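Asks: From first to last, the protein sequence lines are chains A and B.
Each residue of the first sequence is one higher than the last, beginning at 1 in full-length UniProt numbering.
Each residue of the second sequence is one higher than the last, beginning at 1 in full-length UniProt numbering.
Warning: the hint list may mix true and false statements.
Copies of the same chain are indistinguishable here, so a pair counts whether it falls within one copy or spans any two.
Okay, derived cross-link-like pairs now, DSBU-like style, lysine-lysine, Cα gap no bigger than 35 Å in a straight line [as the list claims (entries may be wrong)]: (1) Lys131 - Lys294; (2) Lys274 - Lys294; (3) Lys274 - Lys322; (4) Lys209 - Lys40; (5) Lys191 - Lys326; (6) Lys319 - Lys189; (7) Lys191 - Lys40.
What the hints contain is simulated information worked out from the structure, not anything from laboratory work.
Here the structure is a predicted model, which is why all the values come from computation and not from measurement.
Number of protein chains: 2
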Amino acid sequence: MSEISEKMRSAVVESREWYMAAYAPEGVPTSDHLKLRTVKISLALDSIPEQHVILETLFISLDPYLRSRMTGREDGLYSPQYNLNEVVSAFGVGRVLRSRDSNYGEGDIVISPFIPVAEYFVLPSQALIRKIDADAGIPLPEYISTLGIPGFAAWVGIQVVAEPIKPGSNVFISAAAGAVGMYAGQLAKLKGCRVVGSTGSDEKVRLIKEEFGYDDAFNYHTETDYDAALSKYFPNGIDVYLDNVGGEMLEAVLNHVNQHAKIPLCGMISGYNKVWTEREGVRNLLNLIGKDVKMQGFMVGSYLDRFGDFAKEMESHLKERKINSKLKIYNGIDKFLESLRSLFTSSNIGKVVIQVK
Amino acid sequence: MSEISEKMRSAVVESREWYMAAYAPEGVPTSDHLKLRTVKISLALDSIPEQHVILETLFISLDPYLRSRMTGREDGLYSPQYNLNEVVSAFGVGRVLRSRDSNYGEGDIVISPFIPVAEYFVLPSQALIRKIDADAGIPLPEYISTLGIPGFAAWVGIQVVAEPIKPGSNVFISAAAGAVGMYAGQLAKLKGCRVVGSTGSDEKVRLIKEEFGYDDAFNYHTETDYDAALSKYFPNGIDVYLDNVGGEMLEAVLNHVNQHAKIPLCGMISGYNKVWTEREGVRNLLNLIGKDVKMQGFMVGSYLDRFGDFAKEMESHLKERKINSKLKIYNGIDKFLESLRSLFTSSNIGKVVIQVK
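Looking at chain A on its own, in the form it has when it is part of the complex:
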C-alpha cells in the first residue's frame, strides 16, 4: 500500500465529489442541496504546485456540526459556510499518492480537518495535521473517532470544561449513544462517576448500558416527560450535564442541577435544522444563579493546545481496552448524503463514518 504503481503515476483518474448546490436554511439537507459529480484528477507530480499533495480519501468523519456549514447564514456555531458549487470537506483520513512536500511521502496515511468529500484531490500540505503510524495497531477509523473529533470533544467536556470532572459526580449525557456521548460516558465512568444517558431507542438504551458501561439510560421518545425521567434517574440531582441536544432537554436538566453543577455545551442538535428564532427557548436560566452553575460552550478547535494530553490519555485507554468504540460505517462516497441525514434521525449508533476506499 505504500507505493503507487508506475502506471498510476501519470494517470488521470475519475473522482466523484460532493458539492454544495444550494444552501439549506432549514430542515435536513436533501439532494437539492448536496449533489455528486465526477471530475478528472491528474496524478502527475508536475500537475500540482510546491507544498501540495495528491491524496486519496480513505475515511470521512460525519459530525453534526457539518450541518451548520450548509445553512448559508450564521447559525450560532459560526462555522464557515461551504462555498456554492465547491466541494464540501470534513475531518478525514487519506493516503498520500503524490507529494511535493518533503515531510510527506507516497503512501503516508494522514489526517486533516479539510479532507474534501471526494475520492481523489489535491490539497496544500499545511492542511494536514498528523501523519499516522499505520503499524501502531490502531484501526484507521479510530483516528477520526476515539482519537478524532468526537473523542476529543468528549475529553474536553469532561476533563477541561468540567474542571475536570470529580469522582462521584452524578453525570447526565444526552445523545448518549452518539459519537461524543459514547466516549463521554466511558470517560466519566473511568473517572469514578455515576453516569446516566438519554438516547432515541430502546436498542440504544440497552447498548449504552452494556457496551459503554452507563449506569442507566432512558429512551426520550418513550419517556417524554423529561422532568419526571430526571427525577427518577437523578434522585440526588445532576452535577455535570454534557449537553449534545439543547432545547427542551436542557431546560429539564436546569430543574435538576445541584449547586456548583457544570454544563459543558458540546452541541445542540435539536436546533441545527431550524433558524434560531424557531428554536426552543430555555426559560429557566435563573436556576443557573440560584445553584451557582457554570454553563460553557466549547469548540474543540479552541482547545488544540490540549490535543497532546488528550491523545496520550485516549491512546492509553485504547491500548488497555478501557474504551469501547462503536462505528457505523457507510461504504462508498455515494453514501455521503444518506450518512449525513442519518445523524438527525436517531437511527445511528456510535460514530458515523464513510469508508471511501
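Using the hints provided, position chain B relative to the given structure of chain A.
Replies: Frame of chain A, contents of chain B only:
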C-alpha cells in the same frame, strides 16, 4: 448614641414589623401579601436568652432577590421562603441595645443578613456577621451598599466570575443604574475596560455616564430593538456581559458576543414576577458553543471566602473616592412595601435603602 437611657433599660417598646400575610406567586407583591403590625418588645436584659441581643434597626437593604422569598415556591434562586405570619428579614444595619453575648456591647453597630424588617427585635448573636467601627468615616448605609450585597455582587461578577475582567474588554451591563450595575460599571472602568450600560430612563442614561463614568448607555424603553442597539454600541462585540435582567436582553447579547466572552449572571429581574414557565425563553444558546462562551450564575453567599479581598479593595476605592455611590433612601419602616415595589418599576436610581431610625 453608645448607651441607652436608664429608663429604656426595662422599658417595653412598641415595634412595627412587616410580616408575610400571603405568598405572591406572580406579579409585584401588594398589601395583600405584606402587612404591617405593631408588637411589644421588652428591653429588659433578662427577657432574652444567652447569646442573644436586642437590636434597633437603622438601615434595611432592599434587593431584588427578596422577591424570590415571597413566592411560596421554588423560583430558580432557591432562596428560603419567608414563613407565613412571620416577620420578613433582609440585609441591614442595627444598633445593639442590650446584649447577652460578651462579644457585643450596648451601642455597637452591627451588620446582619437577617435583620428583621422591624423597628426593634431580639436576634441570636450568631446571626450578626460584622461589627462596624462607626468612627471610620464611612457613612453607615455604605455598609449595605458599596460594602454590602450590591458592591460584593458587582465585585464577584467582575473580578471572580469574569476571571478577572481583562483591561480593554468591551463590557455591557444591564440594569446599569441599579445598585449592582453602578458598582460593576465603575469597577470595570477602574480595570481599564470600555463600559456601556442599559437602563430604564433618559435621566438614568445621563446619570450613569456622568456619575458612574460609563462610556455610553442607552434607554431600553426607547431603544427597543436591542439587537440594533447592541450593534450600535458594540461595533467590536461584547467580551463581558454582567446580566441583571435575563430574558430578551440576554438573548440579544448572545448575538453579539465575542469569542471567549464571559457572562456572569447576577440576576434576572425581568422574570422575578412570573412563574418560570411564563418567562421569556432564550433561543440562541447555541451561540455559547460557537463562540466558546462561559455563562455562570452566582450567589454572593457562595463567595464569602472572598469577602475579605473584596472589602479591602472596595474600602480602598471608597477612601480614594474612586467609587461613587447613589442611594435612594426611604424614610421609615412603613415604606417597606413601597420601596420593594420600586425595585421593579425602573423608578429608582442606585441602591434602595430604608432608614428606619
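Asks: Confirm or reject each hint.
Replies: Status of the hints after comparison with the structure:
1. Taking identical chains as interchangeable, the C-alpha atoms of Lys131 and Lys294 lie at most 35 Å apart only when they sit on different chains, with a minimum of 34 Å there against 37 Å within one chain.
2. Taking the closest pair of Cα atoms, Lys274 and Lys294 come within 35 Å of each other both inside a single copy (26 Å) and across two copies (24 Å).
3. For a Cα distance limit of 35 Å, the shortest separation of Lys274 from Lys322 qualifies neither inside one copy, at 38 Å, nor across copies, at 49 Å.
4. Taking CA atoms no more than 35 Å apart as the test, Lys209 paired with Lys40 passes in neither setting, with 47 Å inside one copy and 65 Å between copies.
5. Proximity of Lys191 and Lys326 under a CA criterion of 35 Å is satisfied intra-copy only: 21 Å inside one chain copy versus 50 Å between copies.
6. Within a single copy, Lys319 and Lys189 get their C-alpha atoms as close as 17 Å, which meets the 35 Å cut-off; across copies the closest is 53 Å, which misses it.
7. With identical chains, the CA atoms of Lys191 and Lys40 are never at most 35 Å apart, being 50 Å at best within one copy and 59 Å at best between copies.
Of the numbered hints given earlier, the model fails hints 3, 4 and 7; all others are met.
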